[in-house]
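Q: So the chains spell out like this:
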Amino acid sequence: MSAHAADNAAPVQTGNRGVLTAHGWRSTRLPDVKLLMWVFLASDCMFFGSLIGTYLAYHNRSLVGPFPIDVLDIPLTTVSSFVLLMSSFLMVLALHALRINDIPKFRLWTAGVALFGSIFLGFQVYEFTHFVHAGLTVHQNLFGTTFFILTGTHGIHVTVGVLWLLAFLIQSYVRPINSKDAVYLEIAGLYWHFVDIVWIVIFTVVYLVEFV
Amino acid sequence: MAASTNVAKPALFVRPTWQTGLLSWLTTIDHKKLGILYITSSFLFLALASIEAFIMRLQLMRPGQDLVSPDAFNQLFTMHGVSMVFLAIMPLGIGFANYFVPLMIGARDLAFPRLNAFGYWVYAFGGLMIYTSFFLGGAPDIGWTGYAPNTTLSANPGLGVDFYMFGLFISGIGTTATGMNLIVTIINMRAPGMTFMRMPVFVWMMLITSFMIIFAFPPLTVAFLQVILDRTFGTLFYVPSAGALPILWQHLFWIFGHPEVYIIILPAFGLISEMIPTFSRKPLFGYPVMILASILIAFMGFAVWSHHMFTTGLGPVVNTAFSLTSFIIGIPTGVKIFNWLGTLWGGSIRFTTPLMYSLAFIITFTLGGITGIMVAMPTFDAQVHDTYFVVAHFHYAMGGGALLTFLGGVHYWFPKITGKMIDERMGKVAFWFIVIGFHTIFFPQHLAGLQGMPRRIQTYPAGIGLELWNFMSTFGTFIMGIGLVIFAYNLVKAFRSGAPAGNDPWDGRTLEWATSSPPPYYDFAVQPVVNSLDAFWAYKHPETLHVEAIDPRKAGKEYDAHGVHIPGQSWYPILGSLAIIVGSYGLIYDNLVLAIVSGVFFIFTVFGWAFEGVGGHHLHPELEGERA
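If you're matching them up, the sequences are chains E and G in order. Residue 763 is where the first sequence starts when you use our numbering, and the numbers rise one by one after that. Residue 52 is where the second sequence starts when you use our numbering, and the numbers rise one by one after that.
Calculated from the structure, these hints are not laboratory results. Please note: incorrect hints may appear among the correct ones.
Unchecked claim - Derived Cβ-Cβ restraints for the label pairs, each shown as a range:
#: 1; chain 1: G; residue 1: T283; chain 2: E; residue 2: R937; range: 34 to 42 Å
#: 2; chain 1: E; residue 1: H821; chain 2: G; residue 2: V369; range: 17 to 25 Å
#: 3; chain 1: E; residue 1: W800; chain 2: G; residue 2: G516; range: 54 to 62 Å
#: 4; chain 1: E; residue 1: G884; chain 2: G; residue 2: L187; range: 17 to 25 Å
#: 5; chain 1: G; residue 1: I647; chain 2: E; residue 2: T966; range: 33 to 41 Å
#: 6; chain 1: G; residue 1: V369; chain 2: E; residue 2: W800; range: 28 to 36 Å
#: 7; chain 1: E; residue 1: V826; chain 2: G; residue 2: V340; range: 26 to 34 Å
#: 8; chain 1: G; residue 1: L179; chain 2: E; residue 2: V894; range: 33 to 41 Å
#: 9; chain 1: G; residue 1: T283; chain 2: E; residue 2: V967; range: 23 to 31 Å
Remember, predicted model here, so these are calculated numbers, not experimental data. Glycine is no exception: its CB is placed at the ideal position from the N, C-alpha and C atoms.
Could you put the whole structure together from the sequences, leaning on the hints where they help?
A: Here it is, written out as structure tokens:
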């Protein structure tokens, strides 16, 4: 506790490592927005956890069909899952490109992430339409209710991510963008990777476990 | 304000800059103004909830009365519970946090000021929205817990349930956002030198509370969402005829609901831990143990939810497990009681009104804890479940615990917020009325409950031994009501003609007392710096602590090299909240056009918000001259 008591001379021995930013003193070197995104994702874990928990609690409790085994199409969903996971790879490339100020590559990879996300959404729209034609709706049985709300909530997350990345992309044409903005792409990336990880859980719990 | 630089950004709306008047409050992003808004809104809902409770007690004063119909009674106890838990006591803690967490850690605002404003507006609009149900076909009548399948469309076709679900869903989003904001603020914006173990206890409690908020609210949000989807779009989450399990609601609700108890009480623990050391003129006894106990409470708080469900037939193994965890959570809570007693022990005590509320808290909360241990036994709980014993228990814990503390906190921090002192003499009169009234209301309810009086029942027959307890209970509401009226009058009087408080009327320990009363909108003229726990106290009383004393107000000039950044005010938080509310009315009234238009407008506000940026300007307050 050796503090220099001088009013404004030598810096006080503070004992914690911080950084002076344009918005004032920060006691860690983690940017505010990044910390906020981590905290949000922690909270979102409980959100998806509750939805997945509901799905599991109602598993095999539907009184009438169609049942999961009647409609789920593993090969189709494997393809769409693969596309979504590969979009995470492009996300990493996009962030790297922005960090080294390679703006054309940043635009290319970001557009790629948004495209792959949209392809995943396209698969989901196809799947939902197909299921409705097979007689599975939210009103039909508990499987329909829990399946559509769980995967639909995930789909909304993907949609938000696609819109976010497109907004980023469009903004890069409106005003100059450089490596200083990388933290904002990084938090979009954190969100994107999280949504992908949630899909791995959903794909396992809803699709794969059904055929074990 | 000599050297303030404006950062101009293109914006759709002209960036509002009002400093005074109604528009400054609507567009404010200042944590102090939002704190005042939170606290006053909470007291408004507290008053409404108290009126509802008063009507219920009048109805129950004598057996067989028919002052209000059973249906109206259902609405009253539902709205009383909803208002107290979601709209009054929890936002009171958040309001105090809004005002004092940045001041206590030496920051100029929360990390995300516009998100903070958004959190307030969705809470306030969500609460008002639930109250509009009284004029739109009847308030919710399902109890504050809203158990399924009472909420299904076939069982409850009225709109009251929709208002409950939408209103709490929306205000819950605001609370979650504010919780996230507080976490980032506390981790990232502590003054130079303020390590985690040098933070004031209230800040620690808010950090822990915020973590509980972000983990506890999502299950509740999902549960609300499921019922909303059931009622609006015809899903089957809680439709028993489709094979649904109504108990799922109870699980989701109480996974939120028990942490919620600690979300309410931990801020109160924090306030107590600030007031007792100040008026004992001693450091808090066992600071690290206090922090550790709170973290344990937060962890264990997520592992006890099924003790609300002992009588639902989960089986002896589950009941035993949750009974054990419920006993264990009593241990860290008991540790805290001894921390406060140890702080008082040997202190040079000043019997001010805040300290008297603190002492009343310790006694009342301990009684609530003892009955809590009793109902944690499944065998005993089976006897008293859904009786007035449980009502008495949680009112001792929540009312006697949290509410008494917050009333004391108002006495303690009112001088800082307004710069004026509250009359101590009248404050003590109000204190005695409130505390004696409180115990007269709720102690007899234990006895009524042990004699089997069920809760949420509009009346009871004569001759089964319930008359005396109910009459006493109702009599107590008059005493406590008088106390609350004196309390309110005292506040108004102090606001109008209170004696000037000065910057540090109580000889306080934490950094908020180091700035002026009320604080300037940039909070501190110079970035505060600390070198110990209670650094401001150490500076004022260098003989009491074994640290080198530095003046936190003057030590940190080099940290203001860029000047103080003042974020810009904004229209988007309130507009976004309004869009959510209007859209909810659209969904409740099956007006999809209104809902979609509001949704599109909401997306517009999100983009407007993002592209507007933080904005604001930098200023150099030390050039105005040192503030004392």
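Q: Are G/L179 and E/V894 spaced within 33 to 41 Å by their CB atoms?
A: 39 Å, holds
Q: Holds or violated: 28 to 36 Å for the Cβ distance of G/V369 and E/W800?
A: Taking Cβ atoms as reference, G/V369 and E/W800 lie about 33 Å apart, which means the hint holds.
Q: A range of 23 to 31 Å was offered for this pair. Does it hold for the Cβ distance of G/T283 and E/V967?
A: Because 26 Å falls inside the window, the suggested range holds.
Q: Looking only at beta-carbon atoms, does the pair E/H821, G/V369 fall within the given range of 17 to 25 Å?
A: The hinted range 17 to 25 Å holds for E/H821 and G/V369, with Cβ atoms some 20 Å apart.
Q: Confirm or reject the claim that E/W800 and G/G516 have a C-beta distance inside 54 to 62 Å.
A: Roughly 57 Å apart at Cβ, these two residues keep to the hinted range, so it holds.
Q: Holds or violated: 17 to 25 Å for the Cβ distance of E/G884 and G/L187?
A: 42 Å, violated
Q: Does 26 to 34 Å hold as the CB distance between E/V826 and G/V340, or does it fail?
A: 58 Å, violated
Q: Taking the beta carbons of G/T283 and E/R937, is their distance inside 34 to 42 Å?
A: 41 Å, holds
Q: Is the hinted range of 33 to 41 Å satisfied by the C-beta distance from G/I647 to E/T966?
A: Taking Cβ atoms as reference, G/I647 and E/T966 lie about 35 Å apart, which means the hint holds.
Of the hints listed earlier, those the structure fails to meet are numbers 4 and 7, in rising order.
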